[in-house]
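Asks: Next come the chains, spelled out residue by residue.
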Amino acid sequence: MAKTASDTAGLIPEGMELPPARQGERALARRRRLAAYLMLSPGGLYLVIGFLIPLVIIVILSLSSGGGLFSSGGKTTFTWEWSNYSQALTENWKIYLRSIAYAAIATTLCISLAYPMAYWIAFYGGRWKATLFMMILVPFFVSFVIRTVQWNFILGTNGLLFGPLKNLGVIPQDFHVLRTPVAVIAGITYNYMPFAALPLYVALERIDRRLVEAAKDLYATKQTSFRKVVLPLSVPGIFAAVILTFVPATGDYVNSTILGGPGTTMIGQIIQDYFLVRHLYPVAAAMSVILMLGMLVLALAYARALGTEDSTLAAGAAA
Amino acid sequence: MTTEPQHQPGFNAALARGLTSQRMSRRNMIKLGGVSVGALSLSSILAACGGSSSSTSGAGGSSGSGAVDFDPANAGPTLNFSNWPLYIDKAFKGYPSLEAFKTASDITVTYNDEINDNASFFGELLPSLQGKQDTGRDIVVITNGEYLAALIQNEWAIELDPNYRPNFDANAASWAKSPFYDEGNKHTMAWQSGLTGIGYNTTLVNKVPTKLDDLMSTEYFPSGTVGVLKSDAPDLVMVNLGIDPKTSQQPEWDQAAEWLKKLRDSDTFYAAYDQGYVDDLTAGNLAGSMAWSGDVLYYKIWEGQPFEFIVPADGALLWIDNMLIPANAQNPAGALEMMDFYYKPEIAQMVTEWVLYMSPVPAVQDLIAAHAASETGTYAKQLTETAESPMLWPDQVLLDQVSLGRNLTTDAESEAWHATFDTIWEQ
Numbered sequence: 001m002a003k004t005a006s007d008t009a010g011l012i013p014e015g016m017e018l019p020p021a022r023q024g025e026r027a028l029a030r031r032r033r034l035a036a037y038l039m040l041s042p043g044g045l046y047l048v049i050g051f052l053i054p055l056v057i058i059v060i061l062s063l064s065s066g067g068g069l070f071s072s073g074g075k076t077t078f079t080w081e082w083s084n085y086s087q088a089l090t091e092n093w094k095i096y097l098r099s100i101a102y103a104a105i106a107t108t109l110c111i112s113l114a115y116p117m118a119y120w121i122a123f124y125g126g127r128w129k130a131t132l133f134m135m136i137l138v139p140f141f142v143s144f145v146i147r148t149v150q151w152n153f154i155l156g157t158n159g160l161l162f163g164p165l166k167n168l169g170v171i172p173q174d175f176h177v178l179r180t181p182v183a184v185i186a187g188i189t190y191n192y193m194p195f196a197a198l199p200l201y202v203a204l205e206r207i208d209r210r211l212v213e214a215a216k217d218l219y220a221t222k223q224t225s226f227r228k229v230v231l232p233l234s235v236p237g238i239f240a241a242v243i244l245t246f247v248p249a250t251g252d253y254v255n256s257t258i259l260g261g262p263g264t265t266m267i268g269q270i271i272q273d274y275f276l277v278r279h280l281y282p283v284a285a286a287m288s289v290i291l292m293l294g295m296l297v298l299a300l301a302y303a304r305a306l307g308t309e310d311s312t313l314a315a316g317a318a319a
Numbered sequence: 001m002t003t004e005p006q007h008q009p010g011f012n013a014a015l016a017r018g019l020t021s022q023r024m025s026r027r028n029m030i031k032l033g034g035v036s037v038g039a040l041s042l043s044s045i046l047a048a049c050g051g052s053s054s055s056t057s058g059a060g061g062s063s064g065s066g067a068v069d070f071d072p073a074n075a076g077p078t079l080n081f082s083n084w085p086l087y088i089d090k091a092f093k094g095y096p097s098l099e100a101f102k103t104a105s106d107i108t109v110t111y112n113d114e115i116n117d118n119a120s121f122f123g124e125l126l127p128s129l130q131g132k133q134d135t136g137r138d139i140v141v142i143t144n145g146e147y148l149a150a151l152i153q154n155e156w157a158i159e160l161d162p163n164y165r166p167n168f169d170a171n172a173a174s175w176a177k178s179p180f181y182d183e184g185n186k187h188t189m190a191w192q193s194g195l196t197g198i199g200y201n202t203t204l205v206n207k208v209p210t211k212l213d214d215l216m217s218t219e220y221f222p223s224g225t226v227g228v229l230k231s232d233a234p235d236l237v238m239v240n241l242g243i244d245p246k247t248s249q250q251p252e253w254d255q256a257a258e259w260l261k262k263l264r265d266s267d268t269f270y271a272a273y274d275q276g277y278v279d280d281l282t283a284g285n286l287a288g289s290m291a292w293s294g295d296v297l298y299y300k301i302w303e304g305q306p307f308e309f310i311v312p313a314d315g316a317l318l319w320i321d322n323m324l325i326p327a328n329a330q331n332p333a334g335a336l337e338m339m340d341f342y343y344k345p346e347i348a349q350m351v352t353e354w355v356l357y358m359s360p361v362p363a364v365q366d367l368i369a370a371h372a373a374s375e376t377g378t379y380a381k382q383l384t385e386t387a388e389s390p391m392l393w394p395d396q397v398l399l400d401q402v403s404l405g406r407n408l409t410t411d412a413e414s415e416a417w418h419a420t421f422d423t424i425w426e427q
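For the protein sequence lines, the chains are A and B, in the order given. Here the working numbering is used: the first residue of the first sequence is 1, the next is one more, and so on. Here the working numbering is used: the first residue of the second sequence is 1, the next is one more, and so on.
Calculated directly from the structure, the hints in this document are not laboratory data. Honestly, I wouldn't trust all of these hints.
[Said to hold, decoys possible] Over 12 Å on every C-beta distance to chain A, these chain B residues come out as not near it, computed from the model: (1) Pro-72; (2) Gly-76; (3) Lys-102; (4) Ala-104; (5) Thr-108; (6) Glu-114; (7) Ala-119; (8) Gly-184; (9) Gly-227; (10) Asn-328; (11) Asp-400; (12) Glu-413.
[Stated by the list, open to error] Derived SDA-like pairs: lysine to any residue, alpha-carbon spacing no greater than 25 Å straight-line: (13) Lys-94(A) / Glu-426(B); (14) Lys-262(B) / His-418(B); (15) Lys-75(A) / Thr-409(B); (16) Lys-186(B) / Lys-261(B); (17) Lys-94(A) / Ala-419(B); (18) Lys-261(B) / Glu-415(B); (19) Lys-132(B) / Arg-278(A); (20) Lys-300(B) / Arg-278(A); (21) Lys-246(B) / Ala-416(B); (22) Lys-132(B) / Ala-67(B); (23) Lys-300(B) / Asn-152(A); (24) Lys-94(A) / Glu-258(B); (25) Lys-166(A) / Thr-218(B); (26) Lys-230(B) / Pro-181(A); (27) Lys-211(B) / Ala-67(B); (28) Lys-132(B) / Ser-64(A); (29) Lys-132(B) / Ile-58(A); (30) Lys-166(A) / Arg-278(A); (31) Lys-102(B) / Arg-165(B).
In this text, all values refer to a predicted model and were calculated from it rather than measured experimentally. Built from N, CA and C at the ideal position, the CB exists for glycine as well.
Could you put together the complete structure from these sequences and hints?
Replies: Below, the structure is given as structure tokens:
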């Protein structure tokens, strides 16, 4: 590959005497490097302040002891308290597993609902593509919480959906969905579907139509050309959709708080409860770290299994 | 007092109430930690119109202990008052009782209805208190219980000077004076109070309940229609098991936990709530629930819903929401002046006619009855009902049936309590 001017410029050793005509080159190289730092620094600084520092604080807190409101006014001391982690796991391993299970089911539902929709819009949307896609996003201009609360009315025992059915005698009077796992998973699916639809749409939209035409020219049926051409080419989109849905859905606590009932508690709720109500700050911090590491491991393993370079990067970024 | 804008002739207070109070119950805001639903409630928008929370300049900072000048003459010109949503009288614009205070004292109060639950509000104050800094609030309202105990124990509540509260001394109800969690009212004065009992929908129950055990019987409630208040359930259950919560220990807590597990696993059970049970009650998802008196009474008296509130046969839980001055507040003298101002019967009346909780000023009952006599129509009827509700004006018989609940005052107690009770719902 031919070296570009900036590559060569970067290779000029510092302190080497250069003919006057080339001295500007070094200055240019410096400016370019500086420009890169300048462009990275606002976002980088933002991440350091907003993510890295809190992360370090949480990790330190998760290895601290104390924090009792009455004895120490909520202050903790760093003591390498590993028992916080064992306490977090022994008390709540079931909830971790449940959160992962709910998120996995919801993610599967999201993908199976969003894929056909994104497919249709990308391939047959024509000039309405943008409008149609906007329509998926429009409900999401309303606050997350408000949308979830609306599900209370839809799924209510005598609500929009089941009230009429009960009156017609189609379902028994004491039938209810609200406060059950079904309601929580339905809520998560609904709330995270755009996060699945968006990357799927982008991946499908990007597919070169000539490849599909070529498949048809080679006598592939519609099904085969979908299976052999479209689906493999949309894998990066599926991958990103899974990560973008699964990771936040696991930690979600809004849906289980508003729509859930006994036996549908998710890990986000428990962490909040440990922080705010039980004021066991170190254990709550340990639970957050476990959740974070668990997600990272799952995402990386998934990236490994699916294996595109694109998706490995995406996994790293998402986790 | 002449300042009662709410009662001007030709001014329809009932209408004003309907228009200005997109009523959510005081406590039924959805608790979601970081997610601020409150920001979307009409009440907050109205409150926001009243101005943002600005720092006060006043009689200088003061720490939890040590000499604080409470002389009203030295009070600062502004005051930040943090309270629960819809927990004060409201007119079309502003708060009549606070305007009356402004007229009387020349202190401008910035009112923030920002407290949605004790735990997260306490969490909000904590960093400032730990750092020995001003929390930006001069008065906050906290329910009796472990957060209040923690505030007092850590000296995060400024000690009040008993010499500067004449109205309190003259008018406070017996239950508001020297409560066991704050003897001699050294740090707190009651704002309002209420009962936790059973609220039910008369059209949905199979049979009218009378005791707490009825909550787990399908003879009384259809299956899947009973709600539980997580925070109040342990004390309420203990009262109904004949245990005095105040002196209860682990064995008694285990008994109450057993009872709650039985309810959780019974056919009638629907859900356990932090807040929000009233939404499910009004939506018809619940036939009955452990409930706060003022919530149910509001829907019964002002909204005409078929709701009833009862004190279970074996007793109820009484809770008191207390005004206190956080450490390092800017205007403690003004704060105490305002706290005492709300013990004037005619001011307390303004609040009670709106919030329908128990007033710490018993004289208000007669004032509301008199007000009812001077009005006509539905409004008069609603006021009469307010003046006559036994849940607002507890007699000694009722007071003997209620308990203020267990006051957790050490880390070990708090940890054991939460491990016993929170885990029931965290399954």
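Asks: Against each hint, give a clear statement of whether it holds in the structure.
Replies: We went through each hint and held it up to the structure:
1. With a least CB separation of 31 Å from chain A, Pro-72(B) remains clear of the 12 Å interface cut-off, as annotated.
2. With a minimum CB-CB distance of about 27 Å to chain A, Gly-76(B) clears the 12 Å threshold, and the non-interface call stands.
3. Here Lys-102(B) stays apart from chain A, with its beta-carbon at least about 35 Å from theirs, past the 12 Å limit.
4. At roughly 37 Å from the closest C-beta of chain A, the C-beta of Ala-104(B) stays outside 12 Å, upholding its exclusion from the interface.
5. No Cβ of chain A approaches the Cβ of Thr-108(B) within 12 Å, the least distance being about 32 Å, so the stated non-interface status holds.
6. The claim that Glu-114(B) lies off the interface holds: its Cβ sits roughly 16 Å from the closest Cβ of chain A, which is beyond the 12 Å cut-off.
7. For Ala-119(B), the requirement that its beta carbon stay farther than 12 Å from each beta carbon of chain A is not met, with the minimum near 4 Å.
8. Non-interface call for Gly-184(B) relative to chain A: holds, since the shortest CB-CB distance, roughly 21 Å, exceeds 12 Å.
9. Its beta-carbon lying about 10 Å from the closest one in chain A, Gly-227(B) breaks the requirement of being farther than 12 Å from that chain.
10. At roughly 14 Å from the closest C-beta of chain A, the C-beta of Asn-328(B) stays outside 12 Å, upholding its exclusion from the interface.
11. With 12 Å as the threshold on Cβ separation, the claim that Asp-400(B) sits away from chain A holds: the shortest Cβ distance comes to roughly 31 Å.
12. Not every C-beta of chain A lies more than 12 Å from that of Glu-413(B), the closest at about 8 Å, which undercuts listing it as non-interface.
13. Between Lys-94(A) and Glu-426(B), the direct Cα distance comes to roughly 10 Å. Compliance with the 25 Å bound is thereby established for this hinted pair.
14. A hinted pair counts as satisfied when its Cα atoms are at most 25 Å apart, and Lys-262(B) with His-418(B) qualifies at roughly 18 Å.
15. With a C-alpha separation of about 17 Å, the suggested pair Lys-75(A) and Thr-409(B) falls inside the 25 Å cut-off, and the hint holds.
16. With a C-alpha separation of about 39 Å, the suggested pairing of Lys-186(B) with Lys-261(B) is violated against the 25 Å cut-off.
17. Straight-line distance between C-alpha atoms of Lys-94(A) and Ala-419(B) comes to about 16 Å, which keeps the hinted pair within the 25 Å bound.
18. Between the alpha carbons of Lys-261(B) and Glu-415(B) the distance comes to roughly 19 Å, so the proposed pair stays at or under 25 Å and holds.
19. For the given pair, Lys-132(B) sits about 23 Å from Arg-278(A) by alpha-carbon distance, which is consistent with the 25 Å threshold.
20. Among the hinted pairs, Lys-300(B) with Arg-278(A) is inconsistent with the structure: their alpha-carbon atoms are about 35 Å apart, more than 25 Å.
21. Proposed proximity of Lys-246(B) and Ala-416(B) is supported: the alpha carbons are some 15 Å apart, at most 25 Å.
22. Between Lys-132(B) and Ala-67(B) the CA atoms are separated by roughly 16 Å; this keeps the pair inside 25 Å, and the hint holds.
23. Of the pairs offered as hints, the one joining Lys-300(B) and Asn-152(A) holds, with about 23 Å between alpha carbons and a cut-off of 25 Å not exceeded.
24. With a C-alpha separation of about 21 Å, the suggested pairing of Lys-94(A) with Glu-258(B) holds against the 25 Å cut-off.
25. A threshold of 25 Å between alpha carbons decides the hint, and for Lys-166(A) with Thr-218(B) the separation of about 19 Å falls inside it, so the pair holds.
26. The suggested pairing of Lys-230(B) with Pro-181(A) holds, with an alpha-carbon distance near 20 Å, which does not exceed 25 Å.
27. Of the supplied pair hints, the one linking Lys-211(B) and Ala-67(B) is violated, its CA atoms being roughly 50 Å apart against a limit of 25 Å.
28. Our distance criterion of 25 Å between C-alpha atoms is met by Lys-132(B) and Ser-64(A), whose separation comes to about 22 Å.
29. Between Lys-132(B) and Ile-58(A) the CA atoms are separated by roughly 23 Å; this keeps the pair inside 25 Å, and the hint holds.
30. Pair hint Lys-166(A) plus Arg-278(A) does not hold up; C-alpha atoms about 41 Å apart against a cutoff of 25 Å.
31. Between Lys-102(B) and Arg-165(B) the alpha-carbon distance is near 18 Å, which keeps this suggested pair within the 25 Å criterion.
Checked against the numbered hints above, the structure breaks hints 7, 9, 12, 16, 20, 27 and 30 and satisfies the rest.
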